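Chemist: So the protein sequences, as listed, match chains L and W.
First residue of the first sequence: 1, per this note's numbering; consecutive thereafter.
First residue of the second sequence: 1, per this note's numbering; consecutive thereafter.
Worth flagging that the hints you see were computed from the coordinates, not collected in a lab.
Hints may be right or wrong, so weigh each one.
[Claimed, not checked] Here are the simulated DMTMM-like pairs of lysine to aspartate or glutamate, each with C-alpha atoms no more than 25 Å apart in a straight line:
1) W:K98 - L:D219
2) W:K160 - L:E7
3) W:K4 - L:D219
4) W:K98 - W:D163
5) W:K98 - W:E161
6) W:K160 - W:D97
7) W:K98 - L:E7
On a predicted model such as this, the values are computed, not experimentally measured, just so you know.
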Amino acid sequence: MERTRNERAWLLVLPVMIVVAFSAIIPLMTVVNYSVQDILDPYTRFFVGTEWFRDILRDDSLHAALGRQLVFSFTVLLIQIPLGIAIALCMPTRGIWVAITLVALALPLLVPWNVVGTIWQLFARQDIGLLGVTINAMGIDYNYTGSRMGAWLTVVAMDVWHWTSLVVLLCYSGLRAIPDAYYQAARIDGASRWAVFRHVQLPRLTGVLTIAVLLRFMDSFMIYAEPFVLTGGGPGSSTTFLSQYLATMAIGQFDVGRAAAFSLIYFLIILALSWVFYTIITRSQKG
Amino acid sequence: MVFKARYIALIVYLLFLLIPIYWLLNMSFQHNSEILRSFSLWPENFTLNNYARIFTERGWAAGYVNSLIYVFMNTTISLLVALPAAYAFSRFRFTGDKHLFFWLLTNRMAPPAVFLLPFFNLYQSVGLFDTHIAVALAHCLFSVPLAVWILEGFMSGVPKEIDETAYIDGYSFPRFFITIFIPLIRGGIGVAVFFCLMFSWVELLLARTLTSVDARPISVVMTRSISATGVDWGLLAAAGVLTLIPGALVIYFVRNHLARGFALGRV
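Excised from the complex, chain L in its bound form (with noise of 0.2 Å):
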């Protein structure tokens, strides 16, 4: 749509400004003058430049959890991508089945996020769980509190219960903003069934699989409350990430200077997967 010129739309913008300037700028300004600072107590602090920053960039434990971080958001942007599309596909195009489809798909995005901690943490114990039970039964040897590599099965699986759902109503929405025409014009063609998919479907959804993968992206790198109710990070720290680690500095250590410099190495690496994840599917796009 052809936009007009018109400064006094500044004043209609002004609102979101305030709102945001005390919930946003405020606070980010307040994080960068901590982390160039010592701060022993409200009246005693000192100035030490960068030395937070190259303290964070060298520690190991950190180091491990970014590790822990991008696996675990790679992992779960693979499974809930395809997986979404794929469902999507199968929805039904009309009928009641698509409100009570809509409805049962929507409810775990709904969940408190603590919740859905709960609801795993109850679903997948070896003695009361569903999960658990039926596992073991099977002669698998699972227990999520004990093993690490059953701790991050869990809370992986958790993620695609939590968020699959997401990705599968973004693509919704696509499919069914691609006019009939198209597939007219395919069925004359003679186009086979993954033919229409490629060709067809897949070109018209990267708009809305743009929004999914950057969204998933987002939040499954600042991923915190499901993790820390089911396992609390562990065992060990397998199941700890960054969220989790920064929350645990900030919070319950205190540890100011340090937390705040990790905060803006954390939002920094947050912007820029985004961006190259927005210009590689942008520029797919265009080719």
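Put chain W on the given structure of chain L with help from the hints.
Modeler: Relative to chain L, chain W alone:
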């Protein structure tokens, strides 16, 4: 044949989604002793005792009320500021509009954990710590950008001629906006409300950090079922079931707009 395979895949996936929720329901109708003593696929001694405890013991109900209060505050604030801004982004060009729009979105990318400490200090210094409004404002961090993003997409779908005709007919801007424009995009508003409610309701980290006693959300109260003698699984499950209800109600009301709303306009 292809048709059948499609629906079987869908049904298997839906079962995968619903079985953990069924398990939660199953546990919520059992006594803790029964849960721990034997493994059963359905409650053998059906009881509503867990729910009764939640509704009668102090603290539980207050937790739900606190959560609902800040969720509604957050949704109201987000909509009030996002509506005019989204209108500006969809109708006008002004200095820095593109940068501003992208910058708003980057707020959605900020991990809440980053803002934990500054929020804690900021709200404590202005005396808002442990109030509902503090949590509501903190949640604006992600709900406002999302609301602007969704509403802008819907508003761009309304032809500009409608605005112009209204002005020619002598409508003032506020009157046009409230009596003509808002009814036109009510589907979009419904979707924006859905997302604001949803993300504010499910968030835990900020809500937990910014409250202690008076505004304590349900997610924090739930940790009370874990005591020195172990976890009361039945009670925990019942509390979990109750947190599902508001979400289920919201989905039911917006189910027809849901699919459309997920095509969030531009990125």
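Chemist: Could you run down the list of hints and mark each one as holding or not?
Modeler: To see whether the hints hold, each was checked on the structure:
Taken as a hint, the K98 of chain W and D219 of chain L pair is honoured in the structure, with Cα atoms around 24 Å apart against an allowance of 25 Å. For the given pair, K160 of chain W sits about 18 Å from E7 of chain L by alpha-carbon distance, which is consistent with the 25 Å threshold. A distance of roughly 34 Å separates the Cα atoms of K4 of chain W and D219 of chain L; the hinted pair therefore is violated under the 25 Å criterion. Between K98 of chain W and D163 of chain W, the direct Cα distance comes to roughly 23 Å. Compliance with the 25 Å bound is thereby established for this hinted pair.
With a CA separation close to 24 Å, the supplied pair K98 of chain W and E161 of chain W stays within the 25 Å bound. Restraint check: the Cα-Cα separation between K160 of chain W and D97 of chain W comes to about 19 Å, which is no more than 25 Å; the hinted pair holds. Note on K98 of chain W and E7 of chain L: the hinted pairing holds, with a Cα-Cα distance of about 14 Å set against a maximum of 25 Å.
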